[in-house]
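Each protein sequence line maps, in turn, to chains A and B.
One point on numbering: in the working numbering, the residue at position 15 of the first sequence is 15, and numbering is uninterrupted.
One point on numbering: in the working numbering, the residue at position 93 of the second sequence is 1093, and numbering is uninterrupted.
Be aware that one or more of the hints could be misleading.
Simulated pairs of lysine to aspartate or glutamate, EDC-like, Cα-Cα distance not exceeding 20 Å [to be verified]:
(1) K69/A x D31/A
(2) K97/A x E1085/B
(3) K1011/B x D1056/B
(4) K1017/B x D1056/B
(5) K3/A x E1044/B
(6) K1015/B x E1103/B
(7) K52/A x E14/A
(8) K54/A x E1044/B
(9) K1015/B x D1056/B
(10) K97/A x E1068/B
(11) K3/A x D82/A
(12) K54/A x E14/A
(13) K3/A x D67/A
(14) K97/A x E1044/B
(15) K54/A x D31/A
(16) K52/A x E1103/B
(17) K54/A x D11/A
(18) K3/A x E1068/B
(19) K1057/B x E1068/B
(20) K69/A x D82/A
(21) K1057/B x E1014/B
(22) K54/A x E1068/B
(23) K97/A x D31/A
(24) K52/A x D82/A
Among chain B residues calculated to face chain A with C-beta under 8 Å, some are [said to hold, decoys possible]:
(25) F1045
(26) Y1048
(27) G1051
(28) S1058
(29) L1060
(30) F1065
(31) E1103
(32) F1106
If you're looking for bench data, these hints aren't it; they were derived computationally from the structure.
Only a predicted model underlies this, so the values are computations on that prediction, with no experimental measurement involved.
For glycine and all other residues, C-beta sits at the position ideal for the given N, C-alpha and C.
Listed below, chain by chain, are the residues.
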Amino acid sequence: LAKTTQPISMDSYEGQEVNITCSHNNIATNDYITWYQQFPSQGPRFIIQGYKTKVTNEVASLFIPADRKSSTLSLPRVSLSDTAVYYCLVGDSSASKIIFGSGTRLSIRP
Amino acid sequence: GAGVSQSPSNKVTEKGKDVELRCDPISGHTALYWYRQSLGQGLEFLIYFQGNSAPDKSGLPSDRFSAERTGGSVSTLTIQRTQQEDSAVYLCASRQLAGRTGELFFGEGSRLTVL
């Protein structure tokens, strides 16, 4: 499984766009990039997944450059409720052991 | 069921006692995972079940920890002779490998406190 590196923490303000970048230099051809969000006292939940270029859903956008060695999760116009830990995972969708890193702790201020 | 169900949601026990934590995955999900999350930390992989294959136990921290999955559905994580360092939230997740995303669905967790 490809190892991922992401910032430990980030701060932003309500209404701003937040971009969290994840590095995954050893990503394999069959690997997808998946982001999860975890609120306090809850289990993580799936946000978005992509393989290349750009993916957008109602929650976020995911930008993946051509070399796929990194990816950026973009949260538009964040609110206080976006305060959470965000995890970047890289792997084949059929991968067995799924390892979560430490994630990025995002704090949104009024 | 509608989602992954875990019980108990909270468990307080005394050091040295055994505890059992239960996970009921989403119906039809063949893959089941257990994770441990200590306060303020990330998720630590414990064990993985897939269908009838032998489980991947490589994340279990000691031989006091064991898990089983009966009938390819409900799973039980057992911690024997609990220690204070076992205090954490134990999270269970399931997924359907045939799905496009392979998305993991998590339960709310079982918070274990060892006094």
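Now the hints, each set against the structure:
1. K69/A x D31/A: holds (11 Å)
2. K97/A x E1085/B: violated (24 Å)
3. K1011/B x D1056/B: violated (26 Å)
4. K1017/B x D1056/B: violated (26 Å)
5. K3/A x E1044/B: holds (15 Å)
6. K1015/B x E1103/B: With Cα atoms ~36 Å apart, K1015/B and E1103/B exceed 20 Å; violated.
7. K52/A x E14/A: Since the Cα atoms of K52/A and E14/A sit roughly 29 Å apart, the hinted pair is violated (cutoff 20 Å).
8. K54/A x E1044/B: violated (30 Å)
9. K1015/B x D1056/B: Outside the cut-off at roughly 27 Å; violated.
10. K97/A x E1068/B: Within the cut-off at roughly 16 Å; holds.
11. K3/A x D82/A: Distance ~25 Å between K3/A and D82/A Cα, so the pair is violated.
12. K54/A x E14/A: With a Cα-Cα distance of about 24 Å, the restraint between K54/A and E14/A is violated, given a limit of 20 Å.
13. K3/A x D67/A: holds (16 Å)
14. K97/A x E1044/B: holds (11 Å)
15. K54/A x D31/A: Distance ~15 Å between K54/A and D31/A Cα, so the pair holds.
16. K52/A x E1103/B: holds (18 Å)
17. K54/A x D11/A: Not OK: K54/A and D11/A at ~24 Å, beyond 20 Å, violated.
18. K3/A x E1068/B: violated (29 Å)
19. K1057/B x E1068/B: holds (10 Å)
20. K69/A x D82/A: Since the Cα atoms of K69/A and D82/A sit roughly 26 Å apart, the hinted pair is violated (cutoff 20 Å).
21. K1057/B x E1014/B: It is violated: about 26 Å lies between the C-alpha atoms, which goes past 20 Å.
22. K54/A x E1068/B: The given pair, whose Cα atoms are some 40 Å apart, is violated under the 20 Å limit.
23. K97/A x D31/A: holds (14 Å)
24. K52/A x D82/A: It is violated: about 25 Å lies between the C-alpha atoms, which goes past 20 Å.
25. F1045: holds (6 Å)
26. Y1048: holds (6 Å)
27. G1051: violated (11 Å)
28. S1058: holds (7 Å)
29. L1060: violated (12 Å)
30. F1065: violated (16 Å)
31. E1103: At 4 Å from the nearest chain A Cβ, E1103/B passes the 8 Å test, so the hint holds.
32. F1106: holds (3 Å)
Hint check: violations occur at hints 2, 3, 4, 6, 7, 8, 9, 11, 12, 17, 18, 20, 21, 22, 24, 27, 29 and 30; the rest are consistent with the structure.
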